[in-house]
Amino acid sequence: MKFDLTLALADRPGQLVRALEPIAKNGGNIVSIIHEREKPAEGYVPVSLVVDFPSKQNLRRTVNDLRSLGVSIIKSEEIVETTRVTLILIGKMDLKKLVETRIEDARIVGFEVSTPTSNEACVKLELEAPTESVNKALEELKRLSKEENALLISSI
Amino acid sequence: MKVLIIGFGFIGRDLARVFEEKLALIKQIDKDFRVIGVSNSRGYVYDKGGLDLWKLLKVGELSEYRKGYRSGGSSAELIEKSAADLVVEATPTNIKDGEPGLSFMRIALSRSIHVVTPNKGPLVVAFKELTALAEKNECELLYEGTVAGAVPLFSLVRECLRGDRLLRISGILNGTTNYILSKMYFEETSFELALKEAQERGITERDSSYDVDGIDAACKVVILANAIMKREARLEDVERTGIRGVTQEAVSLAKKSNYAIKLIGTIERELEVAPKLVPTNHPLCVHGTLNAVHLETDLAKEVTLVGYGAGKETVSAILNDVLTVLRKRRKA
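Here the protein sequences line up with chains R and X, keeping their order.
Read in the numbering used here, the first sequence has 641 at position 118, and its numbers run on one by one without any break.
Read in the numbering used here, the second sequence has 143 at position 139, and its numbers run on one by one without any break.
Read the hints as simulated data drawn from the structure, not as lab findings.
Be a bit skeptical, because a hint or two may be false.
To be verified - Straight-line Cα separation of at most 27 Å, DSSO-like style, residue types lysine-lysine; simulated pairs:
| # | chain 1 | residue 1 | chain 2 | residue 2 |
| --- | --- | --- | --- | --- |
| 1 | R | 525 | R | 579 |
| 2 | X | 260 | R | 615 |
| 3 | X | 260 | R | 665 |
| 4 | X | 305 | R | 659 |
| 5 | X | 260 | R | 669 |
| 6 | R | 669 | R | 579 |
| 7 | X | 259 | R | 669 |
| 8 | X | 259 | R | 620 |
To be verified - Covered stretches of chain X (chain R as the covering partner; in silico rule of three or more C-beta atoms under 8 Å from a C-beta of chain R):
| # | stretch |
| --- | --- |
| 9 | 86-92 |
| 10 | 246-256 |
| 11 | 280-286 |
Keep in mind that this is a model prediction, so the values were computed, not measured.
Built from N, CA and C at the ideal position, the CB exists for glycine as well.
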């Protein structure tokens with residue numbers, strides 16, 4: 524599991540090495556590290572890390588260890604990989620109902636309606652969902668479009 | 005090798021012409037190659053010494069060939085009595101029960117006569133039975149022309165991807181719907197108008213539902229699933245949505261976002277034929293009457309084949325299948 528871990532380190536030699544030690548001890552594998560020296564604030568420098576931990580428990584232990592060392596944590600959250608899919612829906616459907624319906628963990632990030640020349644509406648949707656649940660979201664949307672008697676055109 | 009052409013319509017005639025045109029090439033593999041019989045639903049001509057194909061191509065009806073004509077003689081009778089080595093089965097497709105082609109193939113294969121066919125019907129209805137019959141009687145059953153016409157799909161998988169495991173096949177398997185959707189994409193015509201134009205150009209089946217409701221593509225999905233993915237699929241296993249509901253607005257909306265709408269057949273865990281958004285830079289995004297098949301495998305990863313899927317180009321696939329049988333027999 525990948526986590527975004529951003530720390531505020533005192534702008535003094537040796538602080539970074541000190542902060543990395545609890546990460547290694549708790550089984551974290553550092554994927555990337557950005558030392559944002561151009562953004563110092565009141566003697567502190569933000570350091571953004573992407574760390575691969577075996578579980579959330581390992582992250583929690585690391586955060587506790589860092590705090591006991593006096594390191595301030597700006598952010599510690601899981602990075603969820605998302606996928607965007609484009610879809611088109613055609614039919615005499617209730618657009619409001621469609622937009623308001625919660626589809627799994629998916630978010631509608633793009634929405635375009637064509638100028639109708641017939642009584643069938645045509646909507647393009649861009650959905651963003653966690654990669655692992657994108658197929659479930661599509662299945663749910665397929666079910667909904669069937670209920671609404673609409674034609675769902677998904678991307679290959 | 006003694007060959008029969010069963011069905012003397014558009015494809016049968018075209019094959020007879022190509023046999024004549026490519027005779028020198030064919031004779032390099034088999035100097036005894038000859039077509040000894042040709043049949044249609046009204047009768048057959050038979051000459052064990054070999055028919056004069058040029059003469060046959062000039063006649064409107066088989067009866068006008070005169071020599072060896074048997075009015076009312078059935079194709080089954082011709083296969084049974086002719087002692088042929090290879091039958092090219094080119095009767096019209098019937099996806100309900102596969103007949104009459106299915107019976108002709110059964111008769112031929114059970115007598116160890118090789119079969120080459122572009123006829124989808126029998127393979128959709130009885131793929132497993134026919135392939136088992138061919139295996140049992142140690143003869144070939146080749147059907148390259150049934151899916152994506154001239155595109156050498158089955159040959160490629162058979163000869164060049166022997167060690168690969170096929171994970172997914174997707175493709176544009178019907179040229180007519182691709183023609184209609186391409187018209188809608190480039191000329192912004194309505195579905196109805198594009199269909200009418202396709203009908204006027206003679207590229208739709210007599211019953212246009214066969215094309216636009218995805219039935220033809222679904223038949224090809226079944227053959228691909230059974231032949232390449234080793235499934236036991238039937239036509240009713242394919243979840244099928246045609247292109248009647250695709251509006252001009254939808255095509256334009258897709259185009260604005262760099263997608264084209266195409267009728268795509270997919271064989272993965274599920275079998276499906278449905279209109280899909282295809283990115284315009286994807287290899288499957290081909291237009292006009294072209295077909296395209298995208299193979300995803302464990303080793304080669306992705307292979308895409310593009311070509312003409314119906315009409316006169318299909319003869320290329322039939323000829324190659326015939327040459328494959330000749331070559332195999334020579335080796336044996």
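How the hints compare with the structure:
1. 525(R) to 579(R): holds, 9 Å
2. 260(X) to 615(R): With Cα atoms ~22 Å apart, residue 260(X) and residue 615(R) stay inside 27 Å; holds.
3. 260(X) to 665(R): Holds: residue 260(X) and residue 665(R) sit about 23 Å apart, inside 27 Å.
4. 305(X) to 659(R): Within the cut-off at roughly 25 Å; holds.
5. 260(X) to 669(R): Distance ~26 Å between residue 260(X) and residue 669(R) Cα, so the pair holds.
6. 669(R) to 579(R): It is violated: about 39 Å lies between the C-alpha atoms, which goes past 27 Å.
7. 259(X) to 669(R): holds, 24 Å
8. 259(X) to 620(R): holds, 26 Å
9. 86-92: This one is violated; 0 residues, fewer than the three required, reach chain R with a Cβ under 8 Å.
10. 246-256: With 7 residues closer than 8 Å to chain R, the stretch 246-256 of chain X meets the three-residue bar; holds.
11. 280-286: holds (count 5)
When the structure is compared with the earlier hints, violations turn up for hints 6, 9 and for no others.
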